[in-house]
Amino acid sequence: MGNVLIVDDSSTMRKIISRSLRQAGLQVDDIYEAGDGIEALSAMEGKSIDLILSDINMPNMDGLEFIKCVRAKGVSTPIVMITTEGGEDILKEAISSGASDSIKKPFTPDQLNEKLGGLL
Amino acid sequence: MMSLNQEIAHATHLQEADLASYVINATKEVFDTMVMMALEDSYPLKEPVTSFHCSVTGMVGLAGTYTGILSIHCPRSFAMRITSNMLGMDIDEVGEDVNDALGEIANMLGGYVKQILSKGGLDINLSIPTVISGEDYTVNSMSDSDCVIIPFTNENERFLVGLKLRKEV
Numbered sequence: 005m006g007n008v009l010i011v012d013d014s015s016t017m018r019k020i021i022s023r024s025l026r027q028a029g030l031q032v033d034d035i036y037e038a039g040d041g042i043e044a045l046s047a048m049e050g051k052s053i054d055l056i057l058s059d060i061n062m063p064n065m066d067g068l069e070f071i072k073c074v075r076a077k078g079v080s081t082p083i084v085m086i087t088t089e090g091g092e093d094i095l096k097e098a099i100s101s102g103a104s105d106s107i108k109k110p111f112t113p114d115q116l117n118e119k120l121g122g123l124l
Numbered sequence: 759m760m761s762l763n764q765e766i767a768h769a770t771h772l773q774e775a776d777l778a779s780y781v782i783n784a785t786k787e788v789f790d791t792m793v794m795m796a797l798e799d800s801y802p803l804k805e806p807v808t809s810f811h812c813s814v815t816g817m818v819g820l821a822g823t824y825t826g827i828l829s830i831h832c833p834r835s836f837a838m839r840i841t842s843n844m845l846g847m848d849i850d851e852v853g854e855d856v857n858d859a860l861g862e863i864a865n866m867l868g869g870y871v872k873q874i875l876s877k878g879g880l881d882i883n884l885s886i887p888t889v890i891s892g893e894d895y896t897v898n899s900m901s902d903s904d905c906v907i908i909p910f911t912n913e914n915e916r917f918l919v920g921l922k923l924r925k926e927v
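One line per chain: the protein sequences are H and F, in this order.
Under this note's numbering, the first residue of the first sequence carries the number 5, and numbering increases by one thereafter.
Under this note's numbering, the first residue of the second sequence carries the number 759, and numbering increases by one thereafter.
Hints listed in this document are in silico derivations from the structure and should not be mistaken for laboratory results.
Just to be clear, a hint being listed does not mean it is correct.
What the hints assert, rightly or not - So the derived list for chain F, only partly shown, Cβ under 8 Å to chain H, looks like this:
(1) Thr791
(2) Met792
(3) Met844
(4) Leu845
(5) Gly846
(6) Asn865
(7) Met866
(8) Ser876
(9) Gly878
(10) Ile886
What you are looking at is a predicted structure, and each value in this text was computed from that prediction instead of being measured.
Glycine included, every Cβ here is placed at the ideal spot set by N, Cα and C.
Can you build the whole structure from these sequences, using the hints too?
As structure tokens, then:
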């Protein structure tokens, strides 16, 4: 069981991810949402978050900068990128910045289960 | 007939039909997994389409070693049907939800195109999606000749996915 923070500038995608987590049979308690990295940093304050799912390409603060800010605060919560970005270099940069893994959009609930099952 | 120019074909080692095939497969996969719709394609389109009536257009730009625009053009009724399927709720007006859904589809398709053009993902940037809608509008860009436009249908409704590309130095 765990609380999940979904960070994506598309409200449609946040709803799809939220629905897919439950369809995948993952043990999720509360789901929080944020539209970019800045909103996500605010959303994390005072909450117990067990898993962060973040897009990369977002306005104001993108996913890579967001990961760096989270890790700079000493927060070790697993961060999995859910993104249209499939390039090897950009995903390496995400991992070296502190991301745990990545999931390519579009995805299926089964793919979410496979990647996230061990984190929740 | 429209086509991608020879410079693009040479740089990507892809013929127009190969690139079109990639966009067709990407579009079908996005619609199959995220919209729960099976699509039929009818490539190639014989004449360019730049004028749209009661439609919604989602676009994402590519900038870097290649520049270009990936676009999806839908009649309003079809855009609402796409959005309803993605959100799992009935949508009966073109507003924020439809704009967001069309933008996200353009974003996912742009990601596929970036993946075949980019060496590792850092040499091409995807823009934040742009969505326009209206009673009558036209969409024009750099050159009408450097493009591939693919018609798709689902339950007798047709929409278009277009890709315009230019190789930068």
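Right, here's what the structure says about each hint:
1. The closest approach between the C-beta of threonine 791 of chain F and any C-beta of chain H is roughly 4 Å, which is under the 8 Å cut-off, so the hint is satisfied.
2. The interface hint given for methionine 792 of chain F is met, as the beta carbon of that residue sits about 5 Å from the closest beta carbon of chain H, less than 8 Å.
3. Interface restraint check for methionine 844 of chain F: the shortest CB-CB distance to chain H comes to about 5 Å, inside 8 Å, so the restraint holds.
4. Look at leucine 845 of chain F: its Cβ gets to within about 6 Å of chain H, closer than 8 Å, so that hint holds up.
5. Annotation: interface hint on glycine 846 of chain F holds; nearest CB of chain H at approximately 6 Å, less than 8 Å.
6. Hint status for asparagine 865 of chain F relative to chain H: holds, with the closest Cβ pair at about 6 Å, below 8 Å.
7. Nearest Cβ of chain H to the Cβ of methionine 866 of chain F: about 5 Å, under the 8 Å cut. The hint holds.
8. Given the 8 Å rule on beta carbons, the hint for serine 876 of chain F holds: about 5 Å separates it from the nearest Cβ of chain H.
9. Nearest Cβ of chain H to the Cβ of glycine 878 of chain F: about 3 Å, under the 8 Å cut. The hint holds.
10. About 5 Å separates the beta-carbon of isoleucine 886 of chain F from the nearest beta-carbon of chain H, less than 8 Å, and the hint is met.
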